[in-house]
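Single-letter residue listing:
Number of protein chains: 2
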Amino acid sequence: MIATHAHDAGETVIGQRIGGGSMPRRIVIVGCGVSGTTAAFHARKIDRTAKIVLLGDEALPEYSRCGLPYAFSHVVPSLEALIGYDEAFYEQMNRIDLRLSWKVNRIVVEKQTVEAVRTNDASTETLQYDALILTTGARPSIVPVPGADLKGVFTIRTMNDIQRLTDHLTENNAKRVAIIGAGLTGSEMAEALLQRGVTVIQAEIVPEILPVILDPDMASIIRTRAEEHGVEYHLNSTLEEIVGRNGKVSGVRISGEEYGVDAVIVAVRVKPNTELAKNAGIVLGESGGIKTDERMATSASSVYAAGDCIETYDRITRRNVFFQLATTAVRQALVAGTNAAGGNAKYPGSTGVTTVKLFGLEIASFGPTTTASEEIGIHPISVRITGSTRLPYYPGGKELTVKLLADSEDGRLLGAQLVGEEGATLRANFASIAGHLGLSVEQFEQIETCYSPPLAPVWDPVTIAAQALLRRLQTSRGAKSQKLTTVED
Amino acid sequence: MIATHAHDAGETVIGQRIGGGSMPRRIVIVGCGVSGTTAAFHARKIDRTAKIVLLGDEALPEYSRCGLPYAFSHVVPSLEALIGYDEAFYEQMNRIDLRLSWKVNRIVVEKQTVEAVRTNDASTETLQYDALILTTGARPSIVPVPGADLKGVFTIRTMNDIQRLTDHLTENNAKRVAIIGAGLTGSEMAEALLQRGVTVIQAEIVPEILPVILDPDMASIIRTRAEEHGVEYHLNSTLEEIVGRNGKVSGVRISGEEYGVDAVIVAVRVKPNTELAKNAGIVLGESGGIKTDERMATSASSVYAAGDCIETYDRITRRNVFFQLATTAVRQALVAGTNAAGGNAKYPGSTGVTTVKLFGLEIASFGPTTTASEEIGIHPISVRITGSTRLPYYPGGKELTVKLLADSEDGRLLGAQLVGEEGATLRANFASIAGHLGLSVEQFEQIETCYSPPLAPVWDPVTIAAQALLRRLQTSRGAKSQKLTTVED
Chain A
7 MIATHAHDAG ETVIGQRIGG GSMPRRIVIV GCGVSGTTAA FHARKIDRTA
57 KIVLLGDEAL PEYSRCGLPY AFSHVVPSLE ALIGYDEAFY EQMNRIDLRL
107 SWKVNRIVVE KQTVEAVRTN DASTETLQYD ALILTTGARP SIVPVPGADL
157 KGVFTIRTMN DIQRLTDHLT ENNAKRVAII GAGLTGSEMA EALLQRGVTV
207 IQAEIVPEIL PVILDPDMAS IIRTRAEEHG VEYHLNSTLE EIVGRNGKVS
257 GVRISGEEYG VDAVIVAVRV KPNTELAKNA GIVLGESGGI KTDERMATSA
307 SSVYAAGDCI ETYDRITRRN VFFQLATTAV RQALVAGTNA AGGNAKYPGS
357 TGVTTVKLFG LEIASFGPTT TASEEIGIHP ISVRITGSTR LPYYPGGKEL
407 TVKLLADSED GRLLGAQLVG EEGATLRANF ASIAGHLGLS VEQFEQIETC
457 YSPPLAPVWD PVTIAAQALL RRLQTSRGAK SQKLTTVED
Chain B
7 MIATHAHDAG ETVIGQRIGG GSMPRRIVIV GCGVSGTTAA FHARKIDRTA
57 KIVLLGDEAL PEYSRCGLPY AFSHVVPSLE ALIGYDEAFY EQMNRIDLRL
107 SWKVNRIVVE KQTVEAVRTN DASTETLQYD ALILTTGARP SIVPVPGADL
157 KGVFTIRTMN DIQRLTDHLT ENNAKRVAII GAGLTGSEMA EALLQRGVTV
207 IQAEIVPEIL PVILDPDMAS IIRTRAEEHG VEYHLNSTLE EIVGRNGKVS
257 GVRISGEEYG VDAVIVAVRV KPNTELAKNA GIVLGESGGI KTDERMATSA
307 SSVYAAGDCI ETYDRITRRN VFFQLATTAV RQALVAGTNA AGGNAKYPGS
357 TGVTTVKLFG LEIASFGPTT TASEEIGIHP ISVRITGSTR LPYYPGGKEL
407 TVKLLADSED GRLLGAQLVG EEGATLRANF ASIAGHLGLS VEQFEQIETC
457 YSPPLAPVWD PVTIAAQALL RRLQTSRGAK SQKLTTVED
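First to last, the sequence lines map onto chains A and B. To convert, count from 1 in the first sequence and add 6; that's our numbering. To convert, count from 1 in the second sequence and add 6; that's our numbering.
No lab work stands behind these hints, which were simulated from the structure alone. A hint or two may mislead.
One copy or two, it doesn't matter: identical chains are merged, so the pair holds either way.
Calculated cross-link-like contacts (lysine-lysine; reagent style DSBU-like; alpha-carbon spacing at most 35 Å) [as the list claims (entries may be wrong)]:
| # | residue 1 | residue 2 |
| --- | --- | --- |
| 1 | K277 | K109 |
| 2 | K486 | K51 |
| 3 | K297 | K277 |
| 4 | K51 | K284 |
Bound conformation, chain A alone (with noise of 0.2 Å):
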């Protein structure tokens, strides 16, 4: 590996390459989303003297990926509001050669260099690394759908798919559209197309909504507000063909019913973008994402992977899954710059905690739902509850639904889903610090939390969730002491 010690008497450089006298680290990075923008600058904090080639198959550099429903609602007022730093940010600030609209064809690491074509002009041009970062992101899935290719079908990845909805739905007076899958963006998309004035019908394949996240009686509470607010769903329902008219399209088929609609948006599942890793020989995991280490090292030398390309630890399963989360991705993308420019840095893996608001809701989780959890052979006890963010005298509480699961074996917090008005994102990271620790609901339970009429009620609605689980744990396994106790006599 790479010293970090400086060579030079007199003065400190960071990060200096064994051997390598003053010539500086070549770091490259492809994929110039959150994740490889945050890694190109950690890089930098570490070695002040590599050359950072940070390569984008966009023309802008990066925007906030989960900002575009918002900006497509107009609540944020453009979409140019979401890119996070200008051109001259990386390029003079922290002289960071960023090359967009670059495309990157090729890894060969017995070579140590990457192949990459200017999408404008197609020049080429070889770059040789001393450590390289795949950023490479992930991309939406389409439906294989009689109709899939029509005009007017949209995923919701890049600001240019949302500059292409906004543009179809004006020019031609969009008055309906579907959406299938009822996740996060869809979800958000649904939201927002009402706000924009279209009416909204939205598929889901499975019996409820928001599925990954939340279970289904958690879920329904959402699904209801959103129903109030207009949105109609299909749910167990499955697209089965869009129906287009002159190449455009005119309605959908979902489970044998047509409905006629302006557009339709697919956003079902994101998948991480591989092919190059593959290609280069580097090993993916089981769940098809490139696999790395607590450094963010791939299988091949010196080359690092960070973000929604990637698979990561799930502290609650034990197991490599997709989060597909901003917040992951920039803290993997730290470590992985970190350590590309030579320093020592690990992640520890996440917990999944999520966030996202809908209809006036707060919604939040960590850990797996109870049907994923028995998929993987974890058996949860749950338990919900509806408590309230203040005291009932004083004015302004707001209802807070509050699930908790417990892994039966052994007791630990397995998850938490909230819903309500207010409070329940932050409340979902202070629950996630026990997920993210293993900490057993008894030890939990234990911990307090602060109180004033005007902020936040004596018991917290966490911890008399907390409180409940935990006399259920103990009922139970009473009764499977009681039952391995009958079965002895």
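Chain A is already provided as a structure; the job is to place chain B on it using the hints.
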């Protein structure tokens, strides 16, 4: 001790006395604040047949003391709204013998008796107990200055105090009030008075407000806001005299200057009510509160104590201190009530996590201030950052200032102080878990938080502060080892 097994075949009776046959356990609770009430209800949960007597010296059942400033300001519609449960809930629903306006004069631990007198008719009764719980609370101090006995001098502890203050202000058409002390209660009352159209001058003996929960650099944010709302502070200032005319307050002399006021609120310190315990020979701690073990047992057999009358184990400073927090009190009371009824529960100590809302700012903290740390030989390293509760592009984000303290010796998180228009309270809970568990800043920094544009930023301000604190700790250690090397050379 008392067993928790059932003696009667066919019926599960938890907590009957050994050898007591069918005699119900007699539990006496002295003090009907939130601790006494909580202890009573939890004792009832554990022992369904116990005879539980709850003695309160006020005429009303338990009400929220913390809510008093909000009933005074009319944010809460009435004083009566602060009452937790009506008498029927105690008597009929929980079979608790609630005795209001009863004062306990003596405890004889050798005989396991309590001598009480009913204040309205002076009738007396001696109660025999199998278990006694002391929840005698605390009382505010009166400053020993000339004029302290004038009409128009108030402390804020009981509903009666608020009623008398309200009557006095109305009867005297009060325009201006002096508050002595700028801690939590004094500050809440300052805001409440301004909301009622009364101007406020506030004296604090130390150089900055809220000295128990915040460092001066953090408290100054709130002071500036309060001054904008009209509070006239006199810091570093001592009340020397309360000036009167015709037996009524007409002014105060603070550090040599006289100010005309219509009333004085003394909000300087709360002291534990320990006379009963002390006279009964029950051991007090060095800090002056009743000493208990983690089962909330006092030095006297079968006597438990909880809440503001005891000293609490501070998990951060590892000392016994006064927290005077409702959240701490109810947890101790749950443990005391459970154990008094034959159960087995433990109280693990507190981080003292505290929150208060003042002039539109959420304020929250845990752990000792920098000054308090130094006084007990802990040398903190700290950082202060100001972040936002949203990404810059999303409208409505609020500034949040976060100060984190670490123990420079072992690198653990020692405290957090947060001030902002939103998100301080629940983030203090988040940070205080680290304090509760003794996590290092390095461990704490690794814990992910959730993000969504309308709800929280990618890097939480608490995480940003933790990252900065970690760098400062590492620099400090580098400097220390450098220093050691130099000495050894």
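Which of the numbered hints above does this structure break?
none
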